[in-house]
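Participant: When you get a sec, could you build the whole thing from the sequences and use the hints?
So you can see what is in the structure, the chains are spelled out below.
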Amino acid sequence: MNMKILSPLSKPDEVTPLVEAGAEEFYAGVLDTAWRKKYTNVGSINRREWSVSNLESYDDLDRVVRTAHKLGAKVYPPMNALYSAHQYESLNRNLEEMRKIPVDALIVADPGLLLTLKETGWDREIHISTGCTTFNHRTALFYSEFGATRIVIPRHQNITEMVRLAKSIDFMEKECFIFNSGCKNIDGFCTYHHGANEILHKGSYKLPKKLGLDYAFLKTLRRLPQCMAKKIARFCNLKSDSACLLNYKVTPHILKDWTPAQAGKAKKWLESTFNIYSGLDPCGVCAIPDLVEAGLVSIKIVGRENPTYKKVMDVKFLRRMLDLWEKNDMSRTEYKQEAKKAYKEVYDAPCQEWCYYPETSFERTLSGKDR
Amino acid sequence: MEYAAFISNIENIDRIKNDGFPSDLIPDSWKENTLSFNRLYFGQEFCEKLIPSTNDIGKALDFAQNNNMEFTFLTPFVTEDGLEKWEKILEYMHGMKPGAEVVINDMGIFHLIRERFPDFKRVLGRLLTKQKRGPRILRMKGKVPDETIEHFQRFNADAPKLAGFYKNLGFTRIELDNTLQGISRDNETPASLYFPYIYVSTTRMCLTNQCDDRKESMRAIFPCKKECRQIHFTIEHGEIPIPVTIAGNTQFIYNDRLPESPDNLHIDRLVYEPCVPV
Numbered sequence: 001m002n003m004k005i006l007s008p009l010s011k012p013d014e015v016t017p018l019v020e021a022g023a024e025e026f027y028a029g030v031l032d033t034a035w036r037k038k039y040t041n042v043g044s045i046n047r048r049e050w051s052v053s054n055l056e057s058y059d060d061l062d063r064v065v066r067t068a069h070k071l072g073a074k075v076y077p078p079m080n081a082l083y084s085a086h087q088y089e090s091l092n093r094n095l096e097e098m099r100k101i102p103v104d105a106l107i108v109a110d111p112g113l114l115l116t117l118k119e120t121g122w123d124r125e126i127h128i129s130t131g132c133t134t135f136n137h138r139t140a141l142f143y144s145e146f147g148a149t150r151i152v153i154p155r156h157q158n159i160t161e162m163v164r165l166a167k168s169i170d171f172m173e174k175e176c177f178i179f180n181s182g183c184k185n186i187d188g189f190c191t192y193h194h195g196a197n198e199i200l201h202k203g204s205y206k207l208p209k210k211l212g213l214d215y216a217f218l219k220t221l222r223r224l225p226q227c228m229a230k231k232i233a234r235f236c237n238l239k240s241d242s243a244c245l246l247n248y249k250v251t252p253h254i255l256k257d258w259t260p261a262q263a264g265k266a267k268k269w270l271e272s273t274f275n276i277y278s279g280l281d282p283c284g285v286c287a288i289p290d291l292v293e294a295g296l297v298s299i300k301i302v303g304r305e306n307p308t309y310k311k312v313m314d315v316k317f318l319r320r321m322l323d324l325w326e327k328n329d330m331s332r333t334e335y336k337q338e339a340k341k342a343y344k345e346v347y348d349a350p351c352q353e354w355c356y357y358p359e360t361s362f363e364r365t366l367s368g369k370d371r
Numbered sequence: 372m373e374y375a376a377f378i379s380n381i382e383n384i385d386r387i388k389n390d391g392f393p394s395d396l397i398p399d400s401w402k403e404n405t406l407s408f409n410r411l412y413f414g415q416e417f418c419e420k421l422i423p424s425t426n427d428i429g430k431a432l433d434f435a436q437n438n439n440m441e442f443t444f445l446t447p448f449v450t451e452d453g454l455e456k457w458e459k460i461l462e463y464m465h466g467m468k469p470g471a472e473v474v475i476n477d478m479g480i481f482h483l484i485r486e487r488f489p490d491f492k493r494v495l496g497r498l499l500t501k502q503k504r505g506p507r508i509l510r511m512k513g514k515v516p517d518e519t520i521e522h523f524q525r526f527n528a529d530a531p532k533l534a535g536f537y538k539n540l541g542f543t544r545i546e547l548d549n550t551l552q553g554i555s556r557d558n559e560t561p562a563s564l565y566f567p568y569i570y571v572s573t574t575r576m577c578l579t580n581q582c583d584d585r586k587e588s589m590r591a592i593f594p595c596k597k598e599c600r601q602i603h604f605t606i607e608h609g610e611i612p613i614p615v616t617i618a619g620n621t622q623f624i625y626n627d628r629l630p631e632s633p634d635n636l637h638i639d640r641l642v643y644e645p646c647v648p649v
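Heads up: the protein sequence lines correspond to chains X and U, in order. Residues 1 to 371, numbered by the working numbering, are exactly what the first sequence covers, in order. Residues 372 to 649, numbered by the working numbering, are exactly what the second sequence covers, in order.
Be aware that one or more of the hints could be misleading.
Computed spacing ranges between beta-carbons, pair by pair [stated by the list, open to error]:
#, chain 1, residue 1, chain 2, residue 2, range
1, X, Q226, U, G609, 33 to 39 Å
2, X, T16, U, L509, 42 to 48 Å
3, U, D395, X, Q226, 48 to 54 Å
4, U, E441, X, A216, 56 to 62 Å
5, U, S400, X, A216, 40 to 46 Å
6, U, S407, X, E56, 40 to 46 Å
7, U, D395, X, G121, 54 to 60 Å
8, U, S407, X, A261, 38 to 44 Å
9, U, R510, X, E345, 18 to 24 Å
10, X, E56, U, D634, 52 to 58 Å
11, U, S394, X, N92, 21 to 27 Å
If you want a taste of the chain U side facing chain X, the calculated C-beta under 7 Å gives, among others [said to hold, decoys possible]:
#, residue
12, V449
13, T519
14, N527
15, T573
16, M576
17, Q601
18, T605
Calculated cross-link-like contacts (lysine to any residue; reagent style SDA-like; alpha-carbon spacing at most 20 Å) [said to hold, decoys possible]:
#, chain 1, residue 1, chain 2, residue 2
19, U, K512, X, H194
20, U, K597, X, A263
21, X, K256, U, R386
22, X, K265, U, D584
23, X, K267, U, K512
24, X, K344, X, A21
Since the hints were made in silico from the structure, they are not lab data. Treat the numbers as computed from the prediction; the structure is a model and nothing was measured. Each residue gets a CB set at the ideal place from its N, CA and C atoms; glycine is no exception.
Facilitator: In structure tokens:
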């Protein structure tokens, strides 16, 4: 089975250009007015809390699914938040809306929702969200008991771990992240509130996001020399919505043994990781040969909130790299060289080795071969 | 009320002798019986690499026995590699204390325990009870509907359907943090409340790991030298209303103000952390 490209989507009119760019699967969430009125965007029904990341209605989702199906693509909406008891009434209402639309699968994180789907005879596929933190095959076995057919493998594994895990889960489909969103925390174990800036800073936060200015800013940073980009990112006091991207003041506390000089180095390093630059979009295309070999069925691009042109650019780049590896008889070394060249050409900035799977090595191969 | 003391590093065992009981932090509504620790929590929730040695486990078990304390063993989330290593530790624990209480923070570890060590008493750990713990909630109060705050005071493990499911899986207790927004519960499954350190987030790209010898901004999973046992950090920013502690791969905030009444929340165990549990 060929590996598919799973693209984010937040507007119905994005389907056609993204399919043309090479996407074969989509994920798109709905955050409707009724849900938002009670729980706001911060208590979103899925794991993207920013308004701009979501479709506004189930009518929009219906349009997305019908267009995608006409073009031969599949759609997997996420209902992958974690729901408290009082939310079940609203959740069931949303689920009823979802049933009326011929979506291909639902992405789920809450075992309570998995039980609901099982009890109410959900007749489409179920994908286990990265929120379920499936870091080992026994966790996958646990979720397979709910009838789930695909696992979204969490980030934060090096390529050796990722491949070992994927090979040990031979009873389900596997999907992994490949592009964008460089959060240092584990999605399913991070309990910070996201989307709070929409409430706390309202228009001053929402408008730039809606206009895609935050991505434009990152794009500009990427083109600058690294030392300058880091300085700008560190000293420009942006009120990032993600707690992991704020430029914190860091104070070290030595517990034992360390010298003040060591603590000073550690403080400097830690400060360098907390700023908007540390959220520059990571890329995993160099790992494609390993991921293909490990049997992953789909690679997922993050960024439902990104502007359409960025989504299209990402899909096109991945399509090109996937085709390059799958349709050519080339060595991993050659592939890596081509990937770096293509990256510079597409993003107008050199690859900065900001890797999703940093251990990717082209001298070492899993099969022991360079192809 | 049961009073437990929690350490994850055996070197901190001296900090939980009974003269370390935090009487001044505990309101009268929480005080019952003798004000001393009657249970020891030992183990690891966040990092599979901080595996206690069998020697350390032996010391912790001896300490509990010599001080008439019950014993609870904590386990972390694990990769494939970690699963193999922690299986061996669980085997050892099973040999030393069959039927021990084990806090589970990974459904893979649950799957393993159900299959291989079914007599362990199962407790749903704080990585799985899924409270929202971020400090920005303090800024949102008054700016969001009451339903939103109420939602964040609750969590999925207490929703009736899921609570019943976990009960059927043999979980007899759930572990909670003393979140800044407060806690609201209807489910009567007994709960433990951890205080004063609340876990907020964790990672495998440990920021402490090799932190005195890193290239700027480089991110990856590096070999561990247990730097977390030598240095911690506080991080502060105007957007976050209280300081955050980075200890090892995990971020914590501090809240020593306990809820008014433990009974209304079905909390019958207080888990005191004399230091951040890494």
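Participant: State for each hint whether it applies.
Facilitator: How the hints compare with the structure:
| no. | hint | in the structure |
| --- | --- | --- |
| 1 | X:Q226 with U:G609: 33 to 39 Å | violated (27 Å) |
| 2 | X:T16 with U:L509: 42 to 48 Å | holds (45 Å) |
| 3 | U:D395 with X:Q226: 48 to 54 Å | holds (50 Å) |
| 4 | U:E441 with X:A216: 56 to 62 Å | holds (58 Å) |
| 5 | U:S400 with X:A216: 40 to 46 Å | violated (54 Å) |
| 6 | U:S407 with X:E56: 40 to 46 Å | violated (57 Å) |
| 7 | U:D395 with X:G121: 54 to 60 Å | holds (56 Å) |
| 8 | U:S407 with X:A261: 38 to 44 Å | holds (43 Å) |
| 9 | U:R510 with X:E345: 18 to 24 Å | violated (44 Å) |
| 10 | X:E56 with U:D634: 52 to 58 Å | violated (44 Å) |
| 11 | U:S394 with X:N92: 21 to 27 Å | violated (47 Å) |
| 12 | V449 | holds (6 Å) |
| 13 | T519 | holds (5 Å) |
| 14 | N527 | holds (4 Å) |
| 15 | T573 | holds (5 Å) |
| 16 | M576 | holds (5 Å) |
| 17 | Q601 | holds (5 Å) |
| 18 | T605 | holds (5 Å) |
| 19 | U:K512 with X:H194 | holds (15 Å) |
| 20 | U:K597 with X:A263 | holds (15 Å) |
| 21 | X:K256 with U:R386 | holds (16 Å) |
| 22 | X:K265 with U:D584 | holds (7 Å) |
| 23 | X:K267 with U:K512 | violated (33 Å) |
| 24 | X:K344 with X:A21 | holds (18 Å) |
Hint compliance for this structure: hints 1, 5, 6, 9, 10, 11, 23 are broken, all remaining hints hold.
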